[in-house]
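Visitor: Now for the letters of each chain:
2 protein chains.
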Amino acid sequence: MKIRAVLFDAYGTLLDVSSIGETAERLFPGQGVTLVRLWRDKQLQYSWLRTLSRNYADFWQVTADALDYAAAALGLSPDPAEQGELMVAWERLAPFPDASPALATLVSRGMPLAVLSNGTPAMLAAAIGHAGLGDRFAALLSVDAVAQYKTAPAAYQLAVEHFGAAPGELLLVSSNGWDAAGATAFGLQTFWVNRSGAPVERVGVTPTASGTSLLDLPVWLEARNGAAGG
Amino acid sequence: MKIRAVLFDAYGTLLDVSSIGETAERLFPGQGVTLVRLWRDKQLQYSWLRTLSRNYADFWQVTADALDYAAAALGLSPDPAEQGELMVAWERLAPFPDASPALATLVSRGMPLAVLSNGTPAMLAAAIGHAGLGDRFAALLSVDAVAQYKTAPAAYQLAVEHFGAAPGELLLVSSNGWDAAGATAFGLQTFWVNRSGAPVERVGVTPTASGTSLLDLPVWLEARNGAAGG
Chain A
73 MKIRAVLFDA
83 YGTLLDVSSI
93 GETAERLFPG
103 QGVTLVRLWR
113 DKQLQYSWLR
123 TLSRNYADFW
133 QVTADALDYA
143 AAALGLSPDP
153 AEQGELMVAW
163 ERLAPFPDAS
173 PALATLVSRG
183 MPLAVLSNGT
193 PAMLAAAIGH
203 AGLGDRFAAL
213 LSVDAVAQYK
223 TAPAAYQLAV
233 EHFGAAPGEL
243 LLVSSNGWDA
253 AGATAFGLQT
263 FWVNRSGAPV
273 ERVGVTPTAS
283 GTSLLDLPVW
293 LEARNGAAGG
Chain B
73 MKIRAVLFDA
83 YGTLLDVSSI
93 GETAERLFPG
103 QGVTLVRLWR
113 DKQLQYSWLR
123 TLSRNYADFW
133 QVTADALDYA
143 AAALGLSPDP
153 AEQGELMVAW
163 ERLAPFPDAS
173 PALATLVSRG
183 MPLAVLSNGT
193 PAMLAAAIGH
203 AGLGDRFAAL
213 LSVDAVAQYK
223 TAPAAYQLAV
233 EHFGAAPGEL
243 LLVSSNGWDA
253 AGATAFGLQT
263 FWVNRSGAPV
273 ERVGVTPTAS
283 GTSLLDLPVW
293 LEARNGAAGG
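Just so you know, the protein sequences line up as chains A and B, in that order. Going by our numbering, the first sequence opens with residue 73, and the numbers climb by one from there. Going by our numbering, the second sequence opens with residue 73, and the numbers climb by one from there.
Derived from the structure by calculation, the hints contain no laboratory data. These figures come from a predicted structure and were not determined experimentally. Glycine included, each C-beta is placed from N, C-alpha and C at the ideal position. Take every hint as true, because none was put in to throw you off.
Computed far set for chain B versus chain A, every beta-carbon distance over 10 angstroms: (1) Val89; (2) Leu99; (3) Gln103; (4) Ala176; (5) Leu185; (6) Pro193; (7) Ala194; (8) Phe209; (9) Thr280.
A short list of chain A residues far from chain B (calculated; beta carbon distances all over 10 angstroms): (10) Ser180; (11) Met183; (12) Thr284; (13) Ala295.
Some chain A residues judged to face chain B by a derived CB distance under 8 angstroms, without partners named: (14) Arg126; (15) Ala145; (16) Ala224.
Construct the entire structure; sequences and hints are all you get.
Guide: What follows is the structure, given as structure tokens:
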């Protein structure tokens, strides 16, 4: 089926979460990178658990909660100013270097693009704007509208409703293997950007395609839509 | 509200998952402990993601899938015999030393006890039996009956239906902070056995009580039910 719009995950896909490590290392020398890794793990875990428990809080809150846990687990006590500095880093993430050229190529072909993310609308507007990617996207879709995080079907359904397309006419691009798997299970086409050479997630589905960089995406997409005809 | 029955989580609460490390270290010297830690993390992650994605597979399958991922991530290639040995270790987990005496005290008081676990009925029967705890429990309740893993409400609802009690009349005992939180959000009373001094999970709810050993449970429960009257 021909792909009519492309959805991008934000954190870890367009935006490099590990870029927070610089701020964290400055505040907590020798522990910043570990802090950010644990923080990210807990942020995702809380997003899943709250969705399962029907106990939604928005991603800013979940992110603050996860920082609070991660710092406590490492015996760190960031003061309010340090917490604020770490939190605001989510709005100033560095884009991956392959993001801007890959998006530019797709835009030049007239492909409609959107972000589909767990982030709140405010977090997404700030981070995508700060990364200089704001004018690439027709929409920044936040799961906050349905109060359920990925991989809940309602999160992916947002994109189906926004574009008025069949799930199989939409492509979700994510570097998060679990997101690519969840979107595949939902029925979207999926492109997994596996920058780190990670094993594929074993959850009973396989992404439609994968690559090692966002630059692999336009190449694959052209072949795919050419093969699909008209 | 007086507690009328007590539910125990199995893996990590009654049974020591880290006891698999011995088998794993024998098969993969120097990497076994890391393998088991990653295996357990992925097992839980897959249970959450499959429930969110409505893509259930039973816990034996999820456990095998998680092993497959964890081994690949560490560059290990267990052959089928080694895989089998690692899998069967889930049915031969060592009980924590505090489990048997704590259960015996509660049984001697006439408190109805059950297991409420993600494990399949076959996995639970084997592991609880092997640990010598089989005669303590009125029932081994497996979420397999509802094809949704904790912390989905349906998983905890199983216990409500089994005992025909109000959620607040049941106590869930778990060493897994996320399980204690999920059961609390559902409406059960909860006792978190925090053996490792971990921070409490920041997901918007707090367990009813906590202790550092299962031996703290009978003490707390006696006070609680005494205070609650008759």
